[in-house]
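Novice: Sequence:
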Amino acid sequence: MLGDVLGYAWAYSIGASSPEIFTELYSLTPLVLVFLIAILVTGIGSAFPAKEAILKIVPSKIMLVRGGIDIKTEKDGSKRALTPIRLKKEHLEQFSSLIVDMAQSHSYSLYGIIIHSYEKKEDGVKLNLSYRAISGLSERIADYDVEVKYVPDRDFYNVELIVKNIERSSYAYVEHKALMKSMLYELRDELLKITVSEQWTSSRKES
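So for the sequence shown, numbering that gives the first Met the number 0 puts the first residue at 0; every next one is plus one.
Bear in mind the hints are in silico, worked out from the structure with no lab data behind them. All figures in this text were calculated on a predicted structure; none of them were measured in a lab. Keep in mind that a hint or two might mislead.
Below, simulated EDC-like cross-link-like pairs (lysine to aspartate or glutamate); rule was C-alpha separation at most 16 Å, straight line [stated by the list, open to error]:
1) LYS88 / GLU121
2) LYS180 / ASP69
3) LYS176 / ASP144
4) LYS87 / GLU121
5) LYS87 / ASP154
6) LYS180 / ASP144
Sequences and hints are given; from them, build the entire structure.
Specialist: Now the structure itself:
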């Protein structure tokens, strides 16, 4: 609405400053001008508040680029991916419980992350899962053991994803490697959804 008003005012001032444009104020060209300026003003006005709102929700204050996730290879061959989630010690148990709830809901999935089993541990949650995707006319699937691990960092715990079982057979390795980034990205998204869920936010207000 604000963009429409400012866009019309700007376009009108442009027309009023030029007799040639002013005489055509009710033609199609000024209407298009109003529309384009309204979109520009609205976009600029909404960009910064949206960013501020996101940074308030994400605990680590890190903005993420869709599709981008850094994966590091450890000495033992396992893969490690960071998330922007940081937790206090007193919140670890509840976060683990919400991960279990998420795991149960994904046990019936047909595509994407399919979680077969889970195990709550002191420093996180271990997930045994498959990731199934469609590529062209074919279906691709790979199995993973993933640890959602709480890594201490001063007064907080960073949430990291560690893939333990790295397939070595030729065909399985190709599928495993090809789908791993998509799997980790989707799993990270599911964890971020927990941080904005009603159960999580309501408990933060109470504490």
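Novice: Hint by hint, which ones does this structure get wrong, listed from lowest number up?
Specialist: Of the numbered hints given earlier, the structure breaks none, since each of them holds.
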